[in-house]
Structures are given as C-alpha cells and as structure tokens.
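Novice: Listed below are the residues making up each chain.
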Amino acid sequence: MISLLLNGSTQELDVDPDMPLLWAIRDIVGLTGTKFGCGMAQCGACTVHLDGEPVRSCVIPVSAVQGKSVTTIEGLDTEAARAVQDAWERLDVVQCGYCQSGQIMSAVALLSRNPQPNDAQINEAMNGNICRCGTYVRIRAAIREASRALG
Amino acid sequence: MSTRHSLRMTRRRFLVNTATVGAGLTLGMLLPGCAREEGPEEVMPEAGPGKAGGEVVRDARFEPNAFIRIGTDDRVTVIIKHLEMGQGTYTGLATLVAEELDAAWDQVDVEGAPADAALYNNLFWGKLQGTGGSTAIANSYEQMRNAGAAARHMLVMAAARQWGVRDSEIDVVDGVISHVASGRQARFGEMSEAAAREAVPDTVFVKEPDEFRLIGTRLPRKDSKAKVDGTAVFTQDIRLPGMLTALVAHPPRFGARLKSFDAGKAMIVPGVEEVVEIPTGVAVLATDFWAAKKGRDALHLEWDETDAFALGSTEILAQYRELAQAPGSPARSEGDAGQALQGADRKLETAVAFPYLAHAALEPMNCVIQKTGKGVEVWNGEQYQTPDQAAVAGVFGLEPEQVRINMLYAGGSFGRRANPDSDYLVETAHIVKAIGGRAPVKMVWTREDDMRAGYYRPLYFHTLKAGLDAEGNPVAWQHRIVGQSIAADTAFEGALIKDGVDITSVEGASNLPYAIPDISVDLHSPVHPVPVQWWRSVGSTHTAFAVETFIDQLAAAAGRDPVEFRRPLLRDHPRHLGVMELVAEKAGWGGSLPEGRGRGIAVHESFNSFVAQVAEVTVSGDGGFSVDRVVIAVDCGVAVNPDIVRAQMEGGMAFGLSAALESELSFSEGRPVQSNYHDYRVLRIGQMPEVEVHIVPSAQPPTGVGEPATPVIAPAVANALSAVTGQRFSSLPLKLNA
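As given, the protein sequences belong to chains A and B, one line each in that order.
Reading the first sequence from the start, the letters are residues 1 to 151 in our numbering.
Reading the second sequence from the start, the letters are residues 1 to 738 in our numbering.
The hints are simulated quantities; they were obtained by calculation from the structure and are not laboratory data.
A couple of the hints might just be wrong.
[What the hints assert, rightly or not] Between beta-carbon pairs, the in silico distance windows are:
| id | chain 1 | residue 1 | chain 2 | residue 2 | range |
| --- | --- | --- | --- | --- | --- |
| 1 | A | Gly30 | B | Arg257 | 36 to 42 Å |
| 2 | B | Arg257 | A | Pro61 | 32 to 38 Å |
| 3 | A | Gly67 | B | Phe124 | 57 to 63 Å |
| 4 | A | Asn114 | B | Ala390 | 38 to 44 Å |
| 5 | B | Pro526 | A | Gly67 | 55 to 61 Å |
| 6 | B | Asp202 | A | Ser9 | 55 to 61 Å |
Keep in mind that this is a model prediction, so the values were computed, not measured.
Ideal Cβ placement from N, Cα and C applies to all residues, glycine included.
For reference, chain A alone in the conformation it holds in the complex:
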C-alpha cells in the first residue's frame, strides 16, 4: 500500500509499486488532466509538482512518492497558478490543448520559485515541454504577463 498526499488529500494506493505515478493518477485515482505523451520524460505532458518541484510523472514509480505531496493541474490553487492560468486564457495560448496541463505546471513551478524570470530562464524552465502545435510564442508571452501580474 502506497500513501501519498494528492492535491491535499491522502491517497492510499494498492498498486504495482513500479507503476509510474502518471498511471496511478490517471487510471487508479481517475484524475485525467495530467497527460500521457511519451513515457520517457521527453515531452513534459505529464508534468506534476512533487513537493513543489516540477517532475515528469511518467518515469517516477509510484513507490518513490510514498509520503510525499503531489499536485496535479486539478489541484492548482496558488497565486502564481491563478496568474498563469489567467494569462493563458487571456492570451488564448492553447491550440489542441493536450500539452497545456504540463506547460502550465512547468510555468507555475517556475514563477513560484522565480516570479521575475528573464527570457533565457523561461526557455530553460520550459524546454522540457513539447508543444506540437507550436504555441511557444504565446507561452513565453503568457509567462511574462503572469510575471507582471505577480508584481
């Protein structure tokens, strides 16, 4: 039995300890905002926060998060998160939208530790998140806008 804090609530999971956190979140808990894209930490669609840090949940065995705190897109509830999601909506960043949960999780993590990133820091923090629709120009603009909103 693996116990973790998921979006603030304790979850007891009786699953294969090797099961990646992504599939525990999606298939066992039933939260589907976190997406499957590559299964090898290359695309970032599965990004969640593990004790506040952005991680790729597709390569983290659920056993490795025993006793830890995991936040998914459904559990975002901070000032930085609101600023990011507001900016994303205001600028109509999304296209197909499949990567955007992961993009937003990475952006929120960035602004939570560095509310005023420069362009190089934005590129570095977001380079692990692929968007096949190519919304990158707007992702940069939305992060800048959220950064301004955070003062």
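Fit chain B to the known structure of chain A by using the hints.
Specialist: Same frame as chain A, now just chain B:
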C-alpha cells in the same frame, strides 16, 4: 432597424446549395417544443458530443436547423461539424453563426456534431463528413451564416407577432430583440419557444463584410478554459464502466506476419484479462494501461519476416536518384523546356532529398469502442466520420449508420487522424470483436507504437534544372519529383490521381507562379510497402522548399536581390506579390544586419491562401545556427478571427520549422530507426523564433489557415543560411557544413 439591405441568398440559390451538397442545411428539422432526446448521457456521463465542446443545453426549445439550439435559459448552442484539433474551428464556426444571429459571444456554447453526413458533410467533399485540407471555415462560410440568419429571422418574426409590430422595425443586438418605438424587448431565451413555431425561411439575408460586428475581431476561443484547467476531454481521458485498456504488439517491419505467440507470461501479470490475436498483431487487454503494458512486454512473439519490407532510407533514395534520370508522368508542360534549356545562356541545377516524416501529434493515436444494443459507439478525436463509420461497420458487419461517433477534442492531428484506412479505429474494432464485445475497449498506442505505425509524409527526391538568358531572366524550368503516391490504393485515388499524376505529390510545383516561358514538371510514383499519408500542407511540404530555394539560387546566379528577382516573375499573381511586398516591408528587407546574420524570403500558395515569410538567422562559427525572428504575411481572404489566424501562422510555421531543423524518420533494413521524441526531434521553446504576423485586409471569402504557413519556413530559413554562408542545401533537415 437593421441595416441588412442585401438579399444575397435568393431562393433559387439556396435550393441549389442544399441540393448539390447533400442537404447541408436541413431547415426541415424543426422540433418545436421538444427537448433534444438523443444525448450522450444515455450511455455515459463523461464525454460525448456535448461534453467535448461545452455544456449541453438541456432545455433546448428552439432548433431551427442542424447547427443551432437556443434554450429558454438564453444559451445558444452551435453544433460544430468539424474536428477541433487546435486550429480553432470551434471558435471560428461559432463566430459565423453568432455574427448572423446577432448573438452575444458569451451566450454562445459549442458542441461537436455527431457522425451524420446527410447533415454535417464537408461541402467541398461531396457526401463525406470530415475535416482537412484547411477547409473548415471556407466550406462553412455561407452555410453557418445562413444557419444563423435563419434562426435570427424566426426570432424576429416571433417577436413581431407577439408584439403586434412589423418585423422590419425590430432590431437584434447582442442577443436582445427590441422594438424601439414601443420600448419592448426580449432576450433570445424568452422568445425561443415562440420562434420554434415560426416558419423556416426560404430565403435569408446575410451581412456584407462591412456590416460584420464579430467577424474580423478578436473573440476569445471557446476551448481555452477547459484546456487551461485540465477538464477538456480527450480520447485518452475516456473512462467507461468495465472498460479495458488494450495495447497491441505490432510486427517489427511492414509486411511481417505473426507466426506464433505465447501469452502465458502475459496472462499472469495482475490486471491482464485477455490476450487476443487481431489482423495487425496481438492485443493485450487489462484493467489499466500499466498492466496492459507489462502484459505486452511479457508476450513471446514469433514473426515471419519473409515478405517484410527490408530497405533502408539510403537504398530508397538511391532508387529514386536512378528513377530521376528519366522523365516521369507529365504534371505540367508548357513550351519545350528541354530545348529552351539547351539554348539558355546559363544552366543551373539542383537536387533535394526529403525524409519520411511522422506526424507525432502529442496525443498518441487511441480510440474507444463499445458495443451497444443498436451497433457500436466510438469515442475518438474524430476527423473522418464518413470513412471511419464505414470502416468500423465493416469489421462488425454493421451498417455505417449503426456506428455512432463521439467527436472529442483531438490532441493534435496534422493529418494523421484523417487516415484513408481508418487504421487505428479498425484496430480497435478488431479488438472489441475478438473479445465478443463483452467490454468497452480503450486502445492506446504508446509513443513508440505511434511513431512506428507508418502513414508518414513520404520520402521524396527532386531534381530541378533552369536556364537563364544573358540578362539573367529565367527562360526554362524543369522540375522532376520522385516519391510514393499518397492517394494510390485509397478511396481518393479517382479524385486525386489524374493521368498517372497524384496531385498531392506535385501541388506547389505544377502550379509554379513564376512567369517562365518553358516549363515542365513531371512525376515518378514508385511503390513501397511503407504506408504514407498527408502531413500538414501535404505536397507543399516539399515542393515549396524545392521551388523557393532554387529560385533564390537563380537570383544569386543572376546577381539580383531575391525580392527584386521574384517581383517581375510574379506579375500575373497579385496575391503572391501582395504578401511578398508586405513581408519585405515589415521585415525591413534590404536593411543591414550584423556579421553572421542573414535574411531569407519565401512565398507560397497552398489551400487557396498566400503566405510569405522572412526568416532571420544567426550563424555561429561552429556550424551551428539559430532562427531568431520570422515575419509572416498572409492573405487568406476574410480573417474570421484574426487572432486565430495569427496563432495558425505562428504554429504552422513552427511545425514546418521542426522539419527544417531536426525531424527525420529513417529506415534501416526495413525498420523505422526513430521511436520517440529523443531521436525524432521536434521544435522546443528554446528554438522558437520571435514571430510577427501581418494579415492582408480582404473582403474575399475566407480560405485556409491551418496549413499554409507550414511549407514556407524551411525555404525561408535555407535562403537565409545561403545568404550568410553561400551554401546550398540538398537535403532536409538543414545541416550547415562545418
């Protein structure tokens, strides 16, 4: 009173429209006082046509046609016949309706249409429902405006009757119907039941472009919120009671067959319920993805590869080079290009090789199918309703209309989901059939499955020869293309292959816009077992590069600036010229740049839209380079939503930049070499240039924007690199000599 003075749709024209397109607008489908009976709720609550796009209006009272429902709650639901795969069609089509209905944008919801070609066909494709070829707005432009205008008319007539006033004195603004003289007004919701009792109009008034209130403005996307908070439902997210997840072990090479398999070890993986053989491999069904994956990994499989594809990309390219020695089937022939070339003052030539490309949409292909009492129900990012209905029905021995399809949001497609063989849907259907339909099945491809499943942009080889006269004017042009036909052996063969020429192989080359007296374009279409398919912008993905880089090469040989060189050659093509002049001006063409930096330009027409791009690059000493800035000009007729047009220019360009810089799907001994994003590289944010988009003002009917930006960037970047280094490029992705 309304300023609608133009009766553009006469009764005759209207009837012609509906008769020739298989009844696009069914104004007979009036259901006064009836709540919509059929809904996704009866099967499962989590997804369906309504859930994909917005809230279902449960108290709908007014359904003037197949595209609009207006509820007593004042919500206007627009039913969208095209797939939302990121291109913004849910927003664009709803805008067309809202414009003519004079609805407030925030009272409009959107909902994906069911599969029903009689109501929801693509008007450019006959009796076929589907999305592609950058046609969604273009084919719906009049249809959706007519639908909105008809609904508005009925609301106005109802108000006139109720208030005892003349309909010509009634105004409609932002969802409010009003009669100024009597001071009466009503919201749509208050008038919807009465409107449902009005006669459906035979003729409708639509606005002239200068009357547009919503079209041409920046309206927020209808799908933003759900895609920002994680609630948008994709196929991957569907969960049905008792559903099993299936992974399929596919053959290692195209044409290999299953010899035998042993599922013993797979069956002991906890969660694995069944292992079945299907035509495309062996499917492992389990309670969840991870169990299915472990089960598949535990399969013991033996393949017969006797007849399997065994070539590598190098061998294929060598064959194509050989083929290019001889003329192919003529795609265009004007004058005598061979003779003109002989007589030319100077002769130039080039050859370019293009690799296979995977679509690599971020949501790997997947599909959910459930057997029902009436047939089967499908959940999918559904791009090709009519062919998919027939293909899935074929597996089960059903009639196509017994296949009900829920069109969900698609996590990208770029052409992949419009598969002529309905490949991944048919695979899912076979799994459901193999287990006797005892459970709903979600078939999931891993990234590796998706990338190695074929249906690639074909590998192509081009040769080009041209002659210049003594003044540097081009007098002869010979263009030869070698590559697999996309249309061959599909249902589209008859429509797309003419006189042995697949038009998707030569588009962008055979319609060369440059004024050159003697032109020949010809084509070889060799056959290989590698499945191929359209990939965002199709033929233009390669023809634009071949043409636009060679034109720059000719300009350099003539000692002329690339823009100056193109200008007189485009004299008969004002819209090409228009975007070229606009982009040159906005990019500061001709202005000085620091050492190591350069600009390149390219101009191309695809899907009836015109795009020019200027790329600015920086070349570093070590053979590396970056693309720093891209300026784009587009002429797509009326820009229904200019912000979405900009987004499609940005994103379409980025999609092409992936292929220009890094993407390549290669074969070795018949096996695809790349498998995931670590070796099939696509553009990341650090490589994304700054982008500026300029839209040519136009009152022409709208044309495509999803694809036309894609093919232009690779030649623009190559031309910029050539301007800095002098190097010409004979293959993609672009690599600078060290």
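Novice: Which of the numbered hints are not met once you compare them with the structure shown?
Specialist: The structure conflicts with hint 4 only, although it agrees with all the remaining ones.
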